[in-house]
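With the hints as constraints, model all of the structure from the sequences given.
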Amino acid sequence: MVSLTYFGLRHTPWTVLVLIFFIESVMGNYAKSFYIHWNTTNSIFRIDNTDHVFDLNKGNAQFEYDQVNIICPVYTPGTFEEDTEKYIIYNVSKEEYDTCRITNPNPGL
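1 is the number of the first residue of the sequence shown in UniProt numbering; add one for each residue after it.
To be clear, the hints were calculated from the coordinates, so they are not data collected in a lab. One or more hints might be untrue.
Here are the simulated EDC-like cross-link-like pairs (lysine to aspartate or glutamate), alpha carbons at most 20 Å apart as the crow flies [to be verified]:
1. K32 - D66
2. K58 - D98
3. K32 - E64
4. K94 - D55
5. K94 - D48
6. K32 - D51
7. K32 - E81
8. K32 - D48
9. K58 - E95
Distance windows between CB atoms, simulated [unchecked claim]:
10. E81 - T41: 16 to 22 Å
11. D83 - N57: 23 to 29 Å
12. T41 - F63: 20 to 26 Å
13. I47 - K86: 18 to 24 Å
14. T76 - P105: 16 to 22 Å
15. D83 - T103: 32 to 38 Å
Glycine included, every Cβ here is placed at the ideal spot set by N, Cα and C.
Listed below in structure tokens is the structure:
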């Protein structure tokens, strides 16, 4: 049988193959990161755009969570307040989302 050396250790081809399959199975299901530019120029907020659904935590392990990074608008100094965009993003539970009713007294982020 042929012996291979990786990282200073000797391995058989079978061991290397098993290691490759293990790494692939672990790396295949990993948390994802999404970046959303939260402003009116982003096409995901257009009413005619239906391609803006993100499936978060789908297919993840029990304690593995996807991450959404919200990029807020940035304005140059001297921009008038009435020319800026303002948003309140609420952190709600699944029940609050499903019923479209906020029960938490402090839901804002």
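>> Name the hints, by number, that the structure is in violation of.
In response: As far as the earlier hints go, 5, 7, 8, 11, 12, 14 are violated by this structure, in ascending order.
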